[in-house]
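Trainee: Take the given structure of chain A and dock chains B, C and D to it, following the hints.
Protein chains in written order, with numbering that gives the first Met the number 0: chain A, 0 to 345; chain B, 0 to 345; chain C, 0 to 345; chain D, 0 to 345.
Derived by calculation from the structure, the hints in this document are not laboratory data. Keep in mind the model is a prediction, meaning the values are calculated, not measured.
With the Cβ distance kept under 7 Å, some of the chain D side facing chain C (calculated, not the full set):
id	residue
1	R18
2	N47
3	W285
Distance condition first, Cα-Cα at most 20 Å in a straight line; then the derived SDA-like pairs of lysine to any residue:
id	chain 1	residue 1	chain 2	residue 2
4	C	K277	D	K40
5	B	K277	A	Q39
6	B	K188	D	R34
7	A	K277	A	E267
8	D	K250	A	T171
9	A	K139	A	I123
10	B	K188	D	V189
11	C	K188	A	D190
12	B	K277	A	L51
13	D	K277	A	H208
14	A	K43	C	V189
15	B	K188	D	R185
16	D	K188	B	V189
17	D	K2	D	E62
18	B	K43	D	V189
19	C	K93	C	E125
20	A	K277	B	Q50
Here are some chain D residues the structure puts well away from chain A; computed CB gaps all over 10 Å:
id	residue
21	V52
22	R185
23	S219
Built from N, CA and C at the ideal position, the CB exists for glycine as well.
Protein chains: 4
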Amino acid sequence: MIKVGIIGATGYAGGELVRLLLGHREAKIVWYGSRSYVDQKYAKIYQNMFQLVNDTCLDDNMEEMAKQVDVIFTATPQGLCASLVNEEILQKVKIIDLSADFRIKDVSVYEKWYGIEHKAPQYIEEAVYGLCELNREAVKKARLIANPGCYPTCSFLSVYPLVKEGLIDPGTLIIDAKSGTSGAGRGAKVDNLFCEVNENIKAYGVAGHRHTPEIEEQLSLAAGEPVLINFTPHLVPMQRGILVTAYASLKKDVAYEEVKTAYDRYYEKEFFVRMLEKDLCPQTRWVEGSNFVDVNFKIDPRTNRIIMMGAMDNLVKGAAGQAVQNMNLMFGVDEAEGLRMVPVFP
Amino acid sequence: MIKVGIIGATGYAGGELVRLLLGHREAKIVWYGSRSYVDQKYAKIYQNMFQLVNDTCLDDNMEEMAKQVDVIFTATPQGLCASLVNEEILQKVKIIDLSADFRIKDVSVYEKWYGIEHKAPQYIEEAVYGLCELNREAVKKARLIANPGCYPTCSFLSVYPLVKEGLIDPGTLIIDAKSGTSGAGRGAKVDNLFCEVNENIKAYGVAGHRHTPEIEEQLSLAAGEPVLINFTPHLVPMQRGILVTAYASLKKDVAYEEVKTAYDRYYEKEFFVRMLEKDLCPQTRWVEGSNFVDVNFKIDPRTNRIIMMGAMDNLVKGAAGQAVQNMNLMFGVDEAEGLRMVPVFP
Amino acid sequence: MIKVGIIGATGYAGGELVRLLLGHREAKIVWYGSRSYVDQKYAKIYQNMFQLVNDTCLDDNMEEMAKQVDVIFTATPQGLCASLVNEEILQKVKIIDLSADFRIKDVSVYEKWYGIEHKAPQYIEEAVYGLCELNREAVKKARLIANPGCYPTCSFLSVYPLVKEGLIDPGTLIIDAKSGTSGAGRGAKVDNLFCEVNENIKAYGVAGHRHTPEIEEQLSLAAGEPVLINFTPHLVPMQRGILVTAYASLKKDVAYEEVKTAYDRYYEKEFFVRMLEKDLCPQTRWVEGSNFVDVNFKIDPRTNRIIMMGAMDNLVKGAAGQAVQNMNLMFGVDEAEGLRMVPVFP
Amino acid sequence: MIKVGIIGATGYAGGELVRLLLGHREAKIVWYGSRSYVDQKYAKIYQNMFQLVNDTCLDDNMEEMAKQVDVIFTATPQGLCASLVNEEILQKVKIIDLSADFRIKDVSVYEKWYGIEHKAPQYIEEAVYGLCELNREAVKKARLIANPGCYPTCSFLSVYPLVKEGLIDPGTLIIDAKSGTSGAGRGAKVDNLFCEVNENIKAYGVAGHRHTPEIEEQLSLAAGEPVLINFTPHLVPMQRGILVTAYASLKKDVAYEEVKTAYDRYYEKEFFVRMLEKDLCPQTRWVEGSNFVDVNFKIDPRTNRIIMMGAMDNLVKGAAGQAVQNMNLMFGVDEAEGLRMVPVFP
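Here chain A stands alone, though its shape is the one from the complex (with noise of 0.2 Å):
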């Protein structure tokens, strides 16, 4: 039985954390830590949990928590993590971290655009980008994992077989995505209250948003070139759920089956990538509440480009499922454990 401790347990992606390890035949939470509601009931904070937890929140000490658990996941904002983690911690201990910490391997650019000076930069190099799907034997070896972004998994995960293989010009690339309102934290904010968001939709942190530069890191490396996109996010009145819809010119004249093999030439075996069939367009409630991702592509003869696009549960397979999927592949458990839930409908 894997023993799990989680920092920030009581935010919506801890919230999601303890909903999935519930369901894990093979991991136990053993720490709930919440700085702000230590020694409170966890299921007075998330009541969906009464009489399925009994515990109670504890601090967020890493230090102690390393000695009584195998893994600690760490679900809070930026800097935390960084702040906390050292070398006898992570002799002790393997880390998943949810926030951004460790994502992007230059620090200058991690500074800049985050704003804080980071606090363990000696780990950055180490830390393992945890996409699974990417770097999944890197993964299982890792000490400390860096969580991708939420934003990120779903945008690189639908463009990534056609920049890899130099399909795309990834200069030309352009990804608008929609996120469901959980994605901006439980935090009391005038701008989250359901009057604000519902019957609305704005885009937000327009050519400035901080998931760009990790966006950015990845497709470089898959294009083997320094890349630089546009990407904006938008807020949609939902719970759930990104959506990415990515523009780019195609290098040459393509058909479907050129560009489907080259996508199942990376997901045909994955278990958590659904390809879809030709002309579907990926919708985020096919994907509520699972950790799959949905993909698919549409070429535009008219103006050669190819419009790409990715469906996911920003708080499963964009926060706490990959947590998860990670975890499994670090303590060498069925990758999907725990992970199996059927999409909620409707």
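Mentor: Same frame as chain A, now just chains B, C and D:
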């Protein structure tokens, strides 16, 4: 392995049966019946099942199905199950009917409220009303289960202990219920369009909803005397969930503890019924996607009334989940198998 | 031109006052008061007003405001208006208080339910309860209006004729109300986040909501005897709208026509109260954005009860619209001026 | 008083025309046409109009209507207006066609994208594309107006000044649009049910939506050269609103001020187009229920692209509002008459 056939597999309740049974370790769906979609891939109708279900829809042929399966779920409008069932079939297969056909013992009441002639009145007596918490032992031995309606399940479980224990005057009972829109089914009706349902709440079926006699019959059995109630359902702009707010006059002065004890007497050992802590109101979101019913009450000493509340997922405990719970009881499987899902939040 | 000042112009009710008054041909807002946003452009807070309102927010200074305006609306939490009002101010300006400060005649009841000391009890007697359809003549002569609460307006108008005419037993009255989320205000609270409100319904303030004594006082006046009721509000995932479903026992056998006649006696000439045709249930969406209250009823001969229903926009007839209606009456303007908006659908 | 007839008065756009015209001081609807609801009270179909509209629906008889009214709005699917219009009618009455029949000058393009034969190609040349801000003078003199599509209006107004001024390379233009569900109409389709639309976002009509050639034609006229674009619409779980996010490469290095000046050149005097302040992103909720289009842009120096954004109410400026604006121009009435509604929030 229990072999399962579903008649009406492409409605919302049918889809939920599929979702639940895919996670059931001792059952396997072998017949996806759907008159409207014969020969089409099931996963084309419910794209969430893509790569999880590869089966094709078959006709709703109960006779043929009875030869191949151990249990048939009928998730169809009232009238169909009664028109198909016969002795030959019942000798081969167990039937769990999610429609109203066998819920009401007095056939004239059924025919009056539903406005159709009952085609198999000879099985009404035999059919067991499948509210598992109430009729567990009878369910285990049944051939034919009348799976309770969504409103009746939530209404009955919210008030049952107090009726049974004689704490409230059943003649004063008023049940004000609120339901998500999935209860209205997947039929293409203007009234159920997004633009008609959203930003709206309305009562419907006032003083005439068909679930009224079903609730009354069960309450009458519990009270030991005929009970007439007011039952008013409302349509709420959400997908899933039923909330019941019930009012009744107390027969005598009671304290919180006495009422709590009465509830505990019936529910303390019930996994799926959760009595909340004092003063917490049930919310549909804390049970969403799960088979739980959350129940609580509040005494109003000013009016000498008690307000009883219950929250439930109409597609799970109110339909498919309870149907699976009945199946588990009938086949001697752990009652909660396939139903241990943690409620999804947010 | 009536010069208007608003204290609390940046709350939801304040914003709605601005929206309505911008379309009013005989009133002009000259003071946008908002303690939290002093010196900020009003249209920065409510971007819908961009290029329509160029004013800057001022402090909530009632004394200074009284020198410059003809009428002050206080759209603030309870306690504020009572703490600011005095004789000097009332001699200069009319006040329409949207808070609860002057709604309840018995100051001890106010202090008990609201948990605060009343700072200006000497004006309670003078203040007119501004339910225009009930107190039209008194409103015209008033200096100080207690603008009714949202739930009380909808509850009272739904049941008033039958209480007044003695058709129902007021001691049996149960009011089950449902409200959109704008009623909870624009404060940054976790409970009102999109992800907490959406896909959810819950009761709150059960047997203890502060609007209870306000409803009871008005009903007692109508009945000519003390009336105690059960009132249960619910939070619905929509922005605007209140629906009331009220239950009471009939005092005698009545036919539809007799009840209809009773309603017509009070509402036939009322522009803003619409008695629906037989068997149509009020829906919040048919009044959204307007000052209308839609009312209807259904007799249940089985239980000898009557179900009374009303639908209203909580921000219009339940707050800002009724306040403007009161202003119109006080200043001798056409009662419907600024309030003839057609309900918005969808 | 302008006498108005509406063909298709019971669709969502028709209903919005009625709402707007009821508040118009110089127009009066005398013919509510609706083939599906002939002889039924209009207010039965749209209960929000109860006691505001007492008329009964008549047939969609354009010939008869032309004798009784000054202007006909056709709010029907494509094909109908073209099949009814003729010289005799056009000599009696002005026509504002909300369908696509006369929007595209090249009849072969129309017939290809819409898949139907054009029944009145002889009027295409004469018809004026009723984007008031673009063709104001021509509209004033027109007999037949092609009222623009919802997506084209928002798309065009978001990018027009930069195309016209040659600041962007029109060949790089990508338009990613998001719409509320009312754009899909009031037809009873499973895809538009609440339970299918809610908690979901999807692209549709990818690389093939019919509004593409309409946008391209107008952009080509503005650019002075043929323009092909990518246009991708998405369905968002909200009732009203369109948001456009458009991307293009800048032809040269430009600063914020230069671009702002270009927009101002075209929009500064336009009441209904609001250029937002720097860095504010348009949101659909700030224009809901109104005829405004909110526009803004953001330069990305990293990629040398510009992101242009526009938000609009699809039923108002995207359909009925723009139609009324056209009527006002045609009849010499104040262009904003009946359209001064403040956006509704929340």
